[in-house]
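Hey, can you work out the whole structure from these sequences and the hints?
Residue numbers (this note's numbering), protein chains in the order written: chain A, 62 to 203; chain B, 62 to 203; chain C, 8 to 99; chain D, 8 to 99.
It is worth saying that the hints were derived from the structure and are not from the lab.
Treat the hints with care, as some may be off.
[To be verified] Quick look at which bits of chain A chain B covers, simulated, 3 or more residues with Cβ under 8 Å:
1) 105-114
2) 124-134
3) 150-162
[Said to hold, decoys possible] Calculated Cβ distances over 10 Å to all of chain D for the following chain B residues:
4) I67
5) G89
6) E94
7) G97
8) G129
9) I171
10) E192
Note that this is a predicted model, so its numbers are computed, not measured.
Positions of the beta carbon are idealized from the N, C-alpha and C atoms, including for glycine.
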Amino acid sequence: MTRESIDPGAVLARVGRPGDGAVAFFAGVVRNENEGRAVSGMEYEGYDEMAREELAAIVAEAAERAGGGRIAAVHRLGSLAVGEVSVAIAVSAPHRAEAFDAARYIIEQIKKRLPVWKREHYLDRDAEWLEGHLPVVEAERG
Amino acid sequence: MTRESIDPGAVLARVGRPGDGAVAFFAGVVRNENEGRAVSGMEYEGYDEMAREELAAIVAEAAERAGGGRIAAVHRLGSLAVGEVSVAIAVSAPHRAEAFDAARYIIEQIKKRLPVWKREHYLDRDAEWLEGHLPVVEAERG
Amino acid sequence: MAVRADRDRPVDITVLLFAAHRELAGGRADTVVTLPERATVDVLLAELRARGGEWASLPSRAAVAVNRRYASGDTVLYEGDEVALIPPVAGG
Amino acid sequence: MAVRADRDRPVDITVLLFAAHRELAGGRADTVVTLPERATVDVLLAELRARGGEWASLPSRAAVAVNRRYASGDTVLYEGDEVALIPPVAGG
Numbered sequence: 062m063t064r065e066s067i068d069p070g071a072v073l074a075r076v077g078r079p080g081d082g083a084v085a086f087f088a089g090v091v092r093n094e095n096e097g098r099a100v101s102g103m104e105y106e107g108y109d110e111m112a113r114e115e116l117a118a119i120v121a122e123a124a125e126r127a128g129g130g131r132i133a134a135v136h137r138l139g140s141l142a143v144g145e146v147s148v149a150i151a152v153s154a155p156h157r158a159e160a161f162d163a164a165r166y167i168i169e170q171i172k173k174r175l176p177v178w179k180r181e182h183y184l185d186r187d188a189e190w191l192e193g194h195l196p197v198v199e200a201e202r203g
Numbered sequence: 062m063t064r065e066s067i068d069p070g071a072v073l074a075r076v077g078r079p080g081d082g083a084v085a086f087f088a089g090v091v092r093n094e095n096e097g098r099a100v101s102g103m104e105y106e107g108y109d110e111m112a113r114e115e116l117a118a119i120v121a122e123a124a125e126r127a128g129g130g131r132i133a134a135v136h137r138l139g140s141l142a143v144g145e146v147s148v149a150i151a152v153s154a155p156h157r158a159e160a161f162d163a164a165r166y167i168i169e170q171i172k173k174r175l176p177v178w179k180r181e182h183y184l185d186r187d188a189e190w191l192e193g194h195l196p197v198v199e200a201e202r203g
Numbered sequence: 008m009a010v011r012a013d014r015d016r017p018v019d020i021t022v023l024l025f026a027a028h029r030e031l032a033g034g035r036a037d038t039v040v041t042l043p044e045r046a047t048v049d050v051l052l053a054e055l056r057a058r059g060g061e062w063a064s065l066p067s068r069a070a071v072a073v074n075r076r077y078a079s080g081d082t083v084l085y086e087g088d089e090v091a092l093i094p095p096v097a098g099g
Numbered sequence: 008m009a010v011r012a013d014r015d016r017p018v019d020i021t022v023l024l025f026a027a028h029r030e031l032a033g034g035r036a037d038t039v040v041t042l043p044e045r046a047t048v049d050v051l052l053a054e055l056r057a058r059g060g061e062w063a064s065l066p067s068r069a070a071v072a073v074n075r076r077y078a079s080g081d082t083v084l085y086e087g088d089e090v091a092l093i094p095p096v097a098g099g
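If you want it as structure tokens, here you go:
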């Protein structure tokens, strides 16, 4: 979790080992429109301490899926302009299926579980909290 | 198709539009081992002119799948050391499913169709052409 | 018997609020709820809902984290627990 | 009739060879095959296979590109076509 601008190249550079033949990467970027409305920016609010722990848990789960691959995942908080990176995930693994699968797993879990909320700001000066996902509480975690 | 070293950050920087909320990226990297043998490097040979055309065709097919996303794809030829990038693919698209799907499509099609061959060099000084995929000739392309 | 006396004491639970929930509370990032000893997350949610107005809509749209982990409704709350209402999340 | 005479002429097809196939040909990147007019890709492959030795194993493991596009066995070859044997590919 960071309030600094995310550099995708730097996130990519954090993965890769001599035995890894594949690197998969995903970045989320603030779009200039959503459902037909012109967007001027996005404000990310997070429950920082919990988000940090939850992101670490998601990464650990993904590492298991990636056969011990190396993983870097960063999520931005604060006010972002259109085109800025909100989340960046890099995974290196021996083979491509594992790398893609782990990167995809992390972004899907982030969207399901990470305690982060976003308020979209529109060019007409209106703003709205975006509809999100209600986290599912698993029995063994309660 | 290039004989120069591939910089993943530069490939990433070639995609992204104001309406794209997702960037997916894949890189293939020369591993230090394969099926238990210590690898010293990989030699990529290509049918340059055809590979260039075939890669452009694959990218065009992927662009259709990505809903008009922006795509960059580069494949290396020549002698690569362990850790060097052999292929890099970046896709930006409005949403993540399209971006992941297009990136995955490109690498799978590259492995099926791109007229490129690789000869693995081993630490014991032996070398071998790697087993590949026989391209399937579709009726309408014959 | 000091132990028995402690067990009957109500506990003050500070609830962290985020995003739309924070705005429900007039922009405040936390609110204190006094609960009976050994009250559960469900009891806490009922207390908040009992405040009426916009609060009434809370429980059906909120998950809860206790000490930074998602917790089910029957989780018992103790003095000092960090309880957070988690509105539907929208990261990424 | 000049046209009829041309139609009976054999064509020389230059075949590009890559990777393991190139090594079959002693490291040469191409080989010339003389074919009857309107011969197909399958006829070309049969001609190569008829060279014997390692060449005999070629057709079962090679795709063919004509003018830089994958082509089926019944594609007719013309003078000036760029024909390439494509061993199983291994890019990426």
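Verification of the hints:
no.	hint	in the structure
1	105-114	violated (count 0)
2	124-134	violated (count 0)
3	150-162	holds (count 5)
4	I67	holds (13 Å)
5	G89	violated (5 Å)
6	E94	holds (17 Å)
7	G97	holds (19 Å)
8	G129	holds (25 Å)
9	I171	violated (5 Å)
10	E192	violated (7 Å)
Of the numbered hints stated above, those contradicted by the structure are hints 1, 2, 5, 9, 10, listed in ascending order.
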